[in-house]
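Q: Chain residues, written in single-letter form:
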Amino acid sequence: MARLPADDIRQAVPSDLTLRVKSLESLLVEKGLVDRDALDALVDTMEHKVGPRNGARVVARAWIDQAYKERLLENAPAAIAELGYTSGQGEHMLVVENGPTVHNLVVCTLCSCYPWPILGLPPVWYKSAPYRSRAVIDPRGILREFGTELTEDVEVRVWDSTAELRYIVLPERPAGTESMTEEQLAALVTRDGMVGVAKL
Amino acid sequence: MNGVHDMGGQQDMGPVVHEKNEPVFHAPWEGRIYALTRAMRAWRKWSLDADRHALELMPPVDYLRMSYYERWVHMLEAQLVQYGLVSKEEIERGQAAPGSTKATPVLSLATSDRWLTRGIPSSEDPHVRPLFNVNQRVRARNINPTGHTRMPRYARGKTGVIVRDHGVYLFPDTNAHCQGEKRQHVYSVRFTARELWGERASPRDSVYLDLWDDYLERA
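So the protein lines, in turn, are chains A and B. To convert, note that position 191 of the first sequence is 190 in numbering that gives the first Met the number 0; the numbers rise steadily by one, no gaps. To convert, note that position 185 of the second sequence is 184 in numbering that gives the first Met the number 0; the numbers rise steadily by one, no gaps.
Because the hints were derived from the structure by calculation, they are not lab data. Glycine included, each C-beta is placed from N, C-alpha and C at the ideal position. Be a bit skeptical, because a hint or two may be false.
[Said to hold, decoys possible] Label-pair ranges, simulated between beta-carbon atoms:
1) A:73 x B:21: 31 to 37 Å
2) A:182 x B:181: 44 to 50 Å
3) B:21 x A:39: 51 to 57 Å
4) B:143 x A:85: 46 to 52 Å
5) B:87 x A:69: 50 to 56 Å
6) B:134 x A:182: 37 to 43 Å
7) A:143 x B:216: 47 to 53 Å
8) A:73 x B:83: 40 to 46 Å
So that you can see chain A by itself, here it is in the shape it has in the complex:
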């Protein structure tokens, strides 16, 4: 196999980056340009408050509530805000629905655009060169690498996030889950399913 770009090998973190970022932070604090408490809050939000659990709740609600699903497909930001999720990088979200013969996959070939408020920050693979390069030319191959083989009768729709619209996939509800509660259903929903690299 060819060489892997750095994003794809978790290397030991070079200690000079730790020092360099520390030095930059103390400079910006010294100049009064940033506030350490605000930085702590930003990190805490991404580590503990925002993440795929938010998206999973949205999906589970859409599975059990047809009217909610229709609102979600029609106006995703408003429907998502009904569950209390609003923040940067998500004002113009669109939900695309999988079905028996349609599979959706989300990518940002130019950088790393991703629906932060409901999925959190993107994983390393989403921002990596292998994914960004091949998702548009070989989506079926990408899905295969993630363990999903799509048959030829399935239509694949790839969404390249080239503008300020952010996409989330509404996966198909797995069979045999009719008696599950909304909470139990939410626990079945994965980040990969909402990006579209996997089926649930």
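Guided by the hints, dock chain B onto chain A, whose structure is given.
A: Same frame as chain A, now just chain B:
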């Protein structure tokens, strides 16, 4: 700019490596550079488009070699210097220049929620008329701007169909360079996989791109 960041369609980047139970940040410095970058954007000296372009300006070898957040370290340092918030010497010394004045942070703990919920600029401005209609066939123009652009190379010259009008957005090609917002409509344009990649692509598959008026022409 025809740069290494414009990756769609390349095939030599290796397999996608999926990390089980991946943490949000792999080291504390990643979280700090993420937060610093967001906090400094609150000064509104530069736009998100300008940040993207700063990443694109990195030497391609560095862009491919560095991890995502390592690129952000370079991006933030470059932006701080370019837009005059700190000097190169201050970054090198890690200290404010003697006698420099102290600012008051724009983004504080009390205001961070407001900053985080501040949206990406768009508008429903009815005075900006769309140049194209839903269901219209369009061609992505064969343009090769040397600055920032959000039109990937793999779509240029290809023909697709507009499936949705997303409304009015700032034009990144000018906004990234502080040359004006040039508000215009953005559309979801569907290109068949065969149009983009030829006869070996699946006849059912397609790629949807969000493209501005200035990127399109009648087909």
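Q: Work down the list of hints and note, for each, if the structure agrees.
A: Now for the hints, and whether the structure bears them out:
{"no.": "1", "hint": "A:73 x B:21: 31 to 37 Å", "result": "holds (33 Å)"}
{"no.": "2", "hint": "A:182 x B:181: 44 to 50 Å", "result": "holds (47 Å)"}
{"no.": "3", "hint": "B:21 x A:39: 51 to 57 Å", "result": "violated (22 Å)"}
{"no.": "4", "hint": "B:143 x A:85: 46 to 52 Å", "result": "violated (38 Å)"}
{"no.": "5", "hint": "B:87 x A:69: 50 to 56 Å", "result": "holds (54 Å)"}
{"no.": "6", "hint": "B:134 x A:182: 37 to 43 Å", "result": "holds (42 Å)"}
{"no.": "7", "hint": "A:143 x B:216: 47 to 53 Å", "result": "violated (36 Å)"}
{"no.": "8", "hint": "A:73 x B:83: 40 to 46 Å", "result": "holds (45 Å)"}
The structure fails hints 3, 4, 7 (numbered hints given earlier, in ascending order).
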